[in-house]
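Guided by the hints, dock chain B onto chain A, whose structure is given.
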Amino acid sequence: MASAGNLKKGEFIRYQGDIWQVQKTEFYSPGKGSALMRTKIRNIKTGKNIDYTFKSQESVETVEVSSNEMQYLYKDNENAYFMDNQTFQQYEVPLSVIGDMVHFFKEGEVMYVYLYEEKALNIRPPSVVRLKIQETEEAVKGDTVSGARKVAVLETGAKVQVPLFVKTGDMITVNPETGEYGERAN
Amino acid sequence: MKIKAHGDHFENHKQYLSVIRTIEAYLDSNGYQRLMLPVLSPALIPESYLEIFETTFTYLKKSEHLYLTPSPELFIKRLIAEGVGDCYYLGPSFRNAEPNSPKHMPEFTMLELYGIGKDYMFIADEVLSMLQRIAKKLYSSSHITYAGTKVDFSRWEKMTVAQAFERYAGITPEQLFNTNLFCETAKAKRYVTDAFSYEDLWSQMYAQEVEPHLGMNGHATLLYDYPVQFATLSKPNDDGVTAQRFEFYIAGVEIGNCYSELTDWKLQEQRLKEEQQLRKKHGLITHPSDDGFIDALKKGMPACSGIAIGVERLAMVMLDLPSIEDLQVISVV
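One line per chain: the protein sequences are A and B, in this order.
Anchor point for the first sequence: position 72 equals 72 in the working numbering, and the numbering is continuous, going up by one each time.
Take any residue in the second sequence, count from 1 to its spot, add 186: that is its number in the working numbering.
In case anyone wonders, no lab produced these hints; they're calculated from the structure.
Since this is a predicted model, take the numbers as computed values, not measurements.
It is possible that some hints are incorrect.
No more than 25 Å apart at the CA atoms, straight line, and that leaves these computed lysine-lysine pairs for DSS-like [to be verified]: (1) LYS373/B to LYS40/A; (2) LYS8/A to LYS248/B; (3) LYS40/A to LYS459/B; (4) LYS32/A to LYS373/B; (5) LYS32/A to LYS467/B; (6) LYS9/A to LYS289/B; (7) LYS304/B to LYS484/B; (8) LYS40/A to LYS375/B; (9) LYS375/B to LYS45/A; (10) LYS32/A to LYS459/B; (11) LYS32/A to LYS375/B; (12) LYS32/A to LYS421/B; (13) LYS24/A to LYS289/B; (14) LYS32/A to LYS188/B; (15) LYS248/B to LYS304/B; (16) LYS32/A to LYS289/B.
Stretches of chain B that chain A covers, calculated by requiring three or more beta carbons in the stretch to come under 8 Å of a beta carbon on chain A [unchecked claim]: (17) 373–382; (18) 393–400.
Some but not every residue of chain B turned toward chain A, in silico, with C-beta under 7 Å [to be verified]: (19) TYR235; (20) PRO285; (21) SER287; (22) ASP386; (23) GLN390; (24) PHE416; (25) THR449.
Quick reminder that beta carbons are idealized off the backbone N, C-alpha and C, glycines included.
Isolated chain B, as found in the complex:
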């Protein structure tokens, strides 16, 4: 990678900072406590498909592995159990093993926002108000245009994952939630299915057939109730097949991911063990699983809901720029 200085991005950078200030002002005035948090940690919450950055702390002859946090979640859950209340983090996060692209860099800015005693639909309302505030600040309007697509933030286009698969991929709910039936249907659609899991095929069909339509119909799309396999840290619904997770899209770009948080520590502990096993199977860096996170749940973490938003992506879309690099005065690419 190389360091690049962008003298021609000063104006964009100023606009980017204006988006950040609008987010901060919105959250501060709505009672969310800002948290400054570390980015180095001796343990992480294991996630089966996400690679991390590992580094080493050394002192005299002793050394210890530390990890750059892919999300501040492990810290914030502790603080929620300690009674911090509604809160947010806005700062760097890190994800490894994905090349730079117009929508991703290994180091990025994450907004993670939690509402205590709230569920995912409350957070959806909160985020929509925040999007309205940003559009108003930038354009004195309720809508923006990204890459030629007009998106109005006066309401969400809400759709369940099952509805979206039915509408855009012709998959019935029965086919969607039955793993064998889904794999057979994928095969009939000429996807390469041999040696691939339900999760692999689901992700491929989602990216190929569903995602290009999201946030393209005049409003931002809120896609909700994911199959439980795709919602490890979220609260299951009563239907037994979905969990309370949503993602939202603006003009085809995924911007944020929200859960009604799982507070059942036994179920969470079991899921984290499964994730850790999968990490080994996928040959990812092994790291200590964070016990303090489970302890926080045991202590009695209140019901809550949290969302993670890629701030550069959000600003890129809001400012109608083709790449997140266009926001940066210094990029490492």
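This is chain A alone, in the form it adopts within the complex:
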């Protein structure tokens, strides 16, 4: 159990019978009555997000999870599949739970997956992934506006905004949670 006021992004809680992952928190004191904790939580079965406001002093049942290193194998229309590097056991996570960042993972990408009672709840997103640029336009010579960006298609098919000097075939880093370009990593 934890006070709702101490909840942190990424934690898992049990709320009204289901397991949810905390996506966002905002502490808020309305000036009368106890301080509140506004949260956005994601149901790990359905992937549905809801906004819920807890009293900051309210007890919330936290779910103790383990995290194992796994390899991303592939995805189908519903799930992404992972393999535990130690036990070779396979796990699935609904795409609706992982969200858009799955488009930044290539097969074989290694990351941690949260497990609870032998079921995979969600991945712990890597802070950056390294991906190859499959296609991007050549920069127009003389275009030196600082901060100018163009679209690049990555080897996974996902699109990102990159600086003009990035070329087809370059390796770059991307934050999979935000889809933002990090740096060139040839």
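Below, chain B without anything else, positioned relative to chain A:
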């Protein structure tokens, strides 16, 4: 906390100052006297759920506790009793024990505005004219767009607290004003009710079910007549359950809080004692309760109404920025 310099906020900062100048020009031309006031005080008006900043003045071997004012109200009420007339303060205020967020910082700029011989609905009209003036100055228009929501300031969307609870939370006035019945209803709605007060549950249900709708229907929402438990410093209505307080919201963001001020010193003294007791119970910093504020009421403070507006929040919304930090050239976060 750290000091951050924001070279990329200069443009926003200029716009922010333009909002401030528009507010000042509006109030100055409508006969409100600006007041420059201290932010350090040896005593405060006790508020049961608000934590303060305490500091120490030392001279030779003597020392004295001083407190950063969470609102200039204690000073302004004295001046109203002295006959200052319609007036305002625009400057720093301080609230402790709440982390930085896109809508809050411990040090913030407050506009506190008082109309003498006026009630809360007069102030509502005055504020609406001021919002119109700001929108006109920035966009030559009667409306703004905040985070994709269009808000037109040609009129308020006015709603009582009871109407809002009925519309958005399915709570009848009978359930809303009967503390036991309200707690039972909250329990039936699967809120955690054990060991929590009416005020706690009310605030939670308000934040969860009512607040997300406010200021979202094309106009700024004026939510008025709060249960007396939520209006310590305001004038009670004849219905016995509500008091003359309103809050206003623009696109889901709470911007200001207004009271028809309580002028009955006996009732006020009793309420402040209760607030002081609650502060002790909540483990908040103990500070001397300001007697001069009660003396000002005893002296015969005229009927008046005052509003407090978070100026950074107002500017953030008016300029369509996601965080109050976006207005600042230096932030301490």
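Just pull the numbers of the violated hints for me, sorted ascending.
2, 3, 14, 15 and 25
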